[in-house]
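Visitor: Respectively, the protein sequence lines represent chains A and B. Per our numbering, the first sequence starts with residue 9, numbered consecutively. Per our numbering, the second sequence starts with residue 9, numbered consecutively.
Some clues are possibly wrong.
It does not matter which identical chain is used: a pair holds within one copy or between any two.
Keeping only pairs whose Cα atoms sit at most 30 Å apart, straight-line, the calculated DSSO-like set for lysine-lysine is [claimed, not checked]:
hint	residue 1	residue 2
1	K81	K196
2	K344	K258
3	K258	K332
4	K344	K159
These aren't lab readings, by the way, just hints derived from the structure by calculation.
Number of protein chains: 2
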Amino acid sequence: MRAIAVDAMGSDTAPLPEVEGAIQAAQAGHAEVLLVGPQDLLHRELTKRGAKDLRIEVVHASEAVTMEDEAAKAFRRKRDSSIRVAARLVRDGKADGLISAGNTGAVMTTAKILLGTLEGVDRPALAQVFPSSQNGKASVLLDVGANVDCKPLHMQQFAVMGEIYYRVIFGADKPRVGLLSNGSESHKGNEVTREALGRLNELSLNFIGNVEGRDLFNGRVDVIVADGFIGNVALKISEGIVDTFSVLLKEALSSTLSSKLGYLLSRRAFNRLKKRLDYSEYGGAPLLGVKGVCIICHGGSNANAIKNAIRVAAEFSEGRVNEKIERELALASLSKN
Amino acid sequence: MRAIAVDAMGSDTAPLPEVEGAIQAAQAGHAEVLLVGPQDLLHRELTKRGAKDLRIEVVHASEAVTMEDEAAKAFRRKRDSSIRVAARLVRDGKADGLISAGNTGAVMTTAKILLGTLEGVDRPALAQVFPSSQNGKASVLLDVGANVDCKPLHMQQFAVMGEIYYRVIFGADKPRVGLLSNGSESHKGNEVTREALGRLNELSLNFIGNVEGRDLFNGRVDVIVADGFIGNVALKISEGIVDTFSVLLKEALSSTLSSKLGYLLSRRAFNRLKKRLDYSEYGGAPLLGVKGVCIICHGGSNANAIKNAIRVAAEFSEGRVNEKIERELALASLSKN
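Chain A extracted, bound-state conformation (with noise of 0.2 Å):
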C-alpha cells in the first residue's frame, strides 16, 4: 500500500477536512497517511474521531504558510511548515506523494526545490481536471498556473505528461489532446501557439490540433494544453461561473411560492447536478513533471476532495506515470532550439 503524506494546515478550515479525509481514505484503503501538521491538534481531532486503529501517522511540523505568505519567502523562513515537511517526507522515500490544500503558489516552489524535475522535464506543470457535458467524462487541462511566458518546447512536455496522466488516472487508451487557441483552424493562435501547434504535431500522440475554450466541457477532447498564464485564466473562468450560475440559479428558484416548491421536488436532481460540476470528486491538480508524487487541492476542499486526492495520489504512484514521463520524453528527444 502506497503511504502518502498529508499536509493537515492546508485548507481554509483546516485541519478538519484533511483529518476527516484521512480517516475516510484510510477506512477505504486507499493509502496509508502520513498527516503532517501541530501533532497535539492533530492526535486530539483524531482521537476525537476514534481513528486510532486506522493507518495514519500523525509527523509534526510546527509552522503553517499562510495564503497571505509569497512563496519563495515561505519557503525560505518556515523550515517546519507542514508543506516543507511533507514535501521532505516524500523526498526521504518516507512517503510516495504528497497533498495538499494549502497556498499554491509555496506548494509548487517547495515540490520543485525538495524534489526536483524528472529528466527530460524544464518546468513541471499543474494539470486541472474538468468535468464534461458527457457523461462520466473528463478533460484535462495543463498547466493551469506553474509558469507564465512558457516556450512552446515547455507545451511540448506539457502534452506528453498531461497524455500519460489522462491515461493512467481515466483508464484511457489513446487521449485525444488538442491546443488550447483561438480557433480550431491550424492558421489561428498567437505567436507561441503557432509554433507549439508544429511542435505538438511531431510527438506520435492521438493530437487533433487547435481546440476552443468550449471544447474543455464538450467531451470533444481529453488533454488541453494551453501557456501557465492562460490555463489560469481559463480555470478562474470556469470557477467564477460556476459560483455565478449557482447565486442566479437560487435566486430565480426562491422568487415565487411555486418555483420554491419546484424546487424542493427537483432538489435530488439538481444535488445530482451538482455532483457532476464538483471538482472534489476528482481529487485535485497534480503538479506534473516533479519527482515523487504532489497534488493540490482547492483551499475550500471538503473532506471528500482531500479523500479523493490521497486516492489520486496512490494511483499516480502505483500508476508509474512518473517512469512513463521519463521514458517517453526520452523516446520523443525534443529538440531544445
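We have chain A; now place chain B onto it with these hints.
Guide: Only chain B this time, still in chain A's reference frame:
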C-alpha cells in the same frame, strides 16, 4: 433619428432574425433601418410581415459571406457582399452604423479597411458584455478576438476605449477598469501583462489593477482589458460552460417524475434565469476604434438580439463614443515605445 445598416444575410438562420429584429427596432423607434441583402427576398419577407409603413429601407446586395469564407479573401472577392455594402453605407455617411451577425473575421476586416481606424487608435478591439451575478450589472471584456499578440500600448488604448463605451452605454460615472491576469497582486502576470499594468496605472481612469477570471462575473470590475488571444479564449470558455450547464441541468431535471414536475413548477424562474444569462439582451459586441459604428452579433442571434444591437448601435452614435475616444486618447498622449 439614427440610421443603422443591418447585414440581413449574416445569422445562422438569415434573413429571418434580421428582418424581424429590424421590424421590432423600427416599431420601437430605436433607429431607421437600412436592411442590406437580396432585395426581392427582403421585400417579400417584409411584406409578409406587413412592415410597409415602418422606417425600413432595403438596400440591395447580391452576395453573402459564409462562415467558411476566409476573411481577407471574402473581402477581395465578394465585392457586393451584404457586409461590404453595409460598411459602404456607413463610410459614405448614409448610415451611422452597421450591425452583422455574420462571419466575425470578415466583418472586422471589412470594417477596418472600409471605415478606417480612429485617430490615435493602432488596433480596433472587439468588446463583449458579460452578465454578472449582481442584478442588472454587467461587465465588458476587450479585446475578445480582434487581435492576437497585443502590445502593452494596444492594451492601454483598449482601456481608454472600453471605459468610454461602458460610460456611454451603461450610464456609469466612473467605471472600474481592471487588467485580466493570473492573480490580483501586482507582481502577477506574464511579461506583456506586467508591462501593461504599469501603462494602465498611468491613465487617469478608475483603474483597480489586476483582476482574475472570476471577476468577469462577480461585479467587482466593470471593464476588463486583455490581449485578444486571451480574451477570445475567455469568451469561448464562458460560452462553453453555460451550454454545458444548460445540458446538465436539463438532464438532471428530466431524470425523475418528481423532478419533471418540479421543473414545470419552476419553469418561469428558469426562463428568467436564462434571460439574465442571455448575451442577446446586450446587443452584440462592438468593434471599438473604427470610424462609424460596427456591432457584431452572435451567429445564433434571434430577432431580440438583432433589435437590441440596432438600439445599442444608435446609442453608440448618439453618445458620441468615437469623438470621446479620439479626444481622450489625444489628452492621454500615450508613449509609443
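Visitor: Within a copy, between copies, both or neither: where do K258 and K332 come within 30 Å Cα-Cα?
Guide: neither (45 Å within a copy, 41 Å between copies)
Visitor: Given a CA cutoff of 30 Å, do K344 and K159 count as a within-copy pair, a between-copy pair, both, or neither?
Guide: Intra 10 Å, inter 27 Å, cutoff 30 Å: intra and inter.
Visitor: Regarding K81 and K196, is the shortest C-alpha distance of 30 Å or less found within a copy, between copies, in both, or in neither?
Guide: between (40 Å within a copy, 16 Å between copies)
Visitor: With identical chains, the pair K344 and K258 could be close in the same copy or across copies; at 30 Å between alpha carbons, which is it: within, between, both, or neither?
Guide: neither (52 Å within a copy, 49 Å between copies)
The structure is inconsistent with the numbered hints 2 and 3, although it conforms to all the rest.
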